[in-house]
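Protein sequence lines correspond, in order, to chains E and B. Quick note on numbering: my numbering labels position 24 of the first sequence as 24, and the sequence is numbered without any gaps. Quick note on numbering: my numbering labels position 46 of the second sequence as 46, and the sequence is numbered without any gaps.
Honestly, the hints are just simulated from the structure, not real lab data. By construction, the Cβ of each residue, glycine as well, lies at the ideal position given by its N, Cα and C atoms. There's no promise every hint is true.
Claimed, not checked - Within a straight-line C-alpha distance of at most 16 angstroms, the following computed EDC-like cross-link-like pairs (lysine to aspartate or glutamate) qualify:
1) E/Lys272 with E/Asp250
2) E/Lys202 with E/Glu177
3) B/Lys88 with B/Glu19
4) E/Lys6 with B/Glu19
5) B/Lys157 with B/Glu130
6) E/Lys50 with B/Glu19
7) B/Lys70 with B/Asp95
8) B/Lys30 with B/Glu14
9) B/Lys42 with E/Glu177
To be verified - Anything over 10 angstroms on all C-beta distances counts as not near chain B; from chain E, calculated:
10) Lys6
11) Phe7
12) Ser8
13) His11
14) Ala54
15) Leu108
16) His110
17) Glu175
18) Gln180
19) Lys206
20) Pro217
21) Cys247
22) Asp250
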Amino acid sequence: MLRLPKFSVLHPSSVAEAMQQMEDSQGQGRFLAGGTDLHPNMKHRLLEPKQLIALAGIEELHGISFADDGSCRIGAMTSLHEVATHPRLQSSYPALCQAAGLVSGPQLRHMGTLGGNVMLDTRCQWYNQSYFWRQALGFCMKKDGSKCHVVEGGSKCVAAASNDTAPALMTLQAELEWAQANGQSRMPIANLWQADGIWNKKVAPKELLVAIHLPAPSAHHFGAYGKLRDRGSIDFPLFGLAVTLDCNTDKTILSAGLCAVALQARPWPLKKAEALLVGTRLGDESFLAAVEQVAALASKQCRPMPNIPGDHEYRQAMVPVYTRHTLFAAAENRGPVHLL
Amino acid sequence: MRVFHLQVNGDTVEVAAPEHWTLLEVLRYKLGLTGSKQGCDKGDCGACTVLLDGTPTLACLCLAASAEGKAITTIEGLLPAHRAQGGKGADPLQDAFDRSGALQCGFCQPGMILSAKALLNQNPNPSLQEIRQALAGNLCRCTGYTQIFEAIQAAAKEMQN
């Protein structure tokens, strides 16, 4: 039995009210979205906020809407199930919907939210354990200790970004809308991350993610998400890769996006690999040759560490395999890539 | 402690419990509804699955405070609801699980049945693949799933007749 630590719960009905409650909590508060990451971490005594501020009742945080120019706003509290199954989102942003549809299992996709997945805490097999387990080992620098069990002598936490939707949002060049104590702001999601597994975001937990904004997709947009995990459901990624391809009418690639996850503290864009795809034409030999080059390059750039469960040498061997499959899935308008 | 106002299996109940308790703890330790199982207690196994407004939800990761104002259905609620609609015998899903031998230890069964209930309410004639996907958040360590899927197919057929 895993018990939650004691806390009280507030139920604001507006963003302004939630921000005031966070301010009043004097550093003891935490926003509660779906609770599917926060509650297990609290049960493991990784976090012990005294005040939870439940966001479910705030109308403006919910829903999917499209502007006349085709751009999209997704409220941060929109469930992963809604994102995964929304027909227009599926056709406009396939990589995002496929990624959302592969998060955990059906119950947690109904409970978990897109904003919560963006804000997911980093994960490590030495961190996501009970207090008893961590105490027996001697703790780690992310919580209660000072050393790293993954990298001996390491000075920086390498707990892995494990949010499936983050790489998809990176390739789609999403912008994040925040509520802060002194107003609102927007930032490209690429600017959110920092290479520190203890807290891999440049915004503080007291700032509230309000919405995710996606630019209108191009007329010939393709995308897919590939996810490696031990079982066909429930598990966090052992390796994840989002691919987007924007083409002209004859399917020549004008721009490409590739971003990996479940490696180190932040999602990992593969910029050099993207450049190899530009100018090739989907389905012809130039594309096939580029896919092989990209798979080889991804294998060099993506170095899984023994930070999350799963043999890291196996994960390394799967990098080119999932890269190839995900690129072909995107080009052929199918996916997700999920080999189990 | 605070008083929660919950709608459980069609009844409105007022129950006092610590504010930080999960819905699962309130169901099991305050209301005596022990059909919802406490398995992993951290969202991995699906044994605690209940329906909130018809949506399968893990009661171990849902605060009781978050369940207020929603219709909560636990395994104990299926038979009364079936009878209230004029049905005879057990709920078709419970009956099919029994007839198909879709259990061994039985620990996962309430969660499996409620995930299946949510599926059949949305999709009365699911394919085997759709059944597998709907139950992908429920682990069984005994039967190997085959009879569970057969039971849901049998229940779907029965309910259509």
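Right, here's what the structure says about each hint:
1. Proposed proximity of E/Lys272 and E/Asp250 is contradicted: the alpha carbons are some 24 angstroms apart, above 16 angstroms.
2. For the suggested pair E/Lys202 and E/Glu177, the alpha carbons sit about 14 angstroms apart, so the restraint of at most 16 angstroms is met.
3. The straight-line distance between the Cα atoms of B/Lys88 and B/Glu19 is roughly 39 angstroms, outside the 16 angstroms bound, and the hint therefore fails.
4. The straight-line distance between the Cα atoms of E/Lys6 and B/Glu19 is roughly 8 angstroms, inside the 16 angstroms bound, and the hint therefore holds.
5. Of the pairs offered as hints, the one joining B/Lys157 and B/Glu130 holds, with about 15 angstroms between alpha carbons and a cut-off of 16 angstroms not exceeded.
6. With a CA separation close to 11 angstroms, the supplied pair E/Lys50 and B/Glu19 stays within the 16 angstroms bound.
7. Pair hint B/Lys70 plus B/Asp95 does not hold up; C-alpha atoms about 27 angstroms apart against a cutoff of 16 angstroms.
8. Among the hinted pairs, B/Lys30 with B/Glu14 is consistent with the structure: their alpha-carbon atoms are about 10 angstroms apart, no more than 16 angstroms.
9. Restraint check for B/Lys42 and E/Glu177: not satisfied, since their Cα atoms lie roughly 30 angstroms apart, outside the 16 angstroms limit.
10. The claim that E/Lys6 is not at the interface with chain B is violated, since a C-beta of that chain comes within 10 angstroms of its own (minimum 5 angstroms).
11. With a least CB separation of 5 angstroms from chain B, E/Phe7 falls inside the 10 angstroms interface cut-off, contrary to its annotation.
12. Listed as a non-interface residue, E/Ser8 fails to keep its Cβ farther than 10 angstroms from every Cβ of chain B; the least gap is roughly 5 angstroms.
13. Not every C-beta of chain B lies more than 10 angstroms from that of E/His11, the closest at about 8 angstroms, which undercuts listing it as non-interface.
14. A cut-off of 10 angstroms between C-beta atoms contradicts the statement that E/Ala54 is not in contact with chain B; the least separation is 6 angstroms.
15. Taking the minimum C-beta to C-beta distance to chain B, about 6 angstroms, the non-interface status of E/Leu108 is violated against the 10 angstroms cut.
16. Chain B draws E/His110 into its interface by the beta-carbon criterion, the shortest separation being 5 angstroms against a cut-off of 10 angstroms.
17. Every beta carbon of chain B lies more than 10 angstroms from that of E/Glu175, the smallest distance being close to 29 angstroms; the non-interface claim holds.
18. Look at E/Gln180: its CB is around 25 angstroms from the nearest CB on chain B, clear of 10 angstroms, so calling it non-interface holds up.
19. The claim that E/Lys206 is not at the interface with chain B holds, since no C-beta of that chain comes within 10 angstroms of its own (minimum 21 angstroms).
20. Here E/Pro217 stays apart from chain B, with its beta-carbon at least about 26 angstroms from theirs, past the 10 angstroms limit.
21. Every beta carbon of chain B lies more than 10 angstroms from that of E/Cys247, the smallest distance being close to 31 angstroms; the non-interface claim holds.
22. For E/Asp250, the condition that its CB be more than 10 angstroms from all CB atoms of chain B holds, with the nearest at approximately 35 angstroms.
The structure fails hints 1, 3, 7, 9, 10, 11, 12, 13, 14, 15, 16 (numbered hints given earlier, in ascending order).
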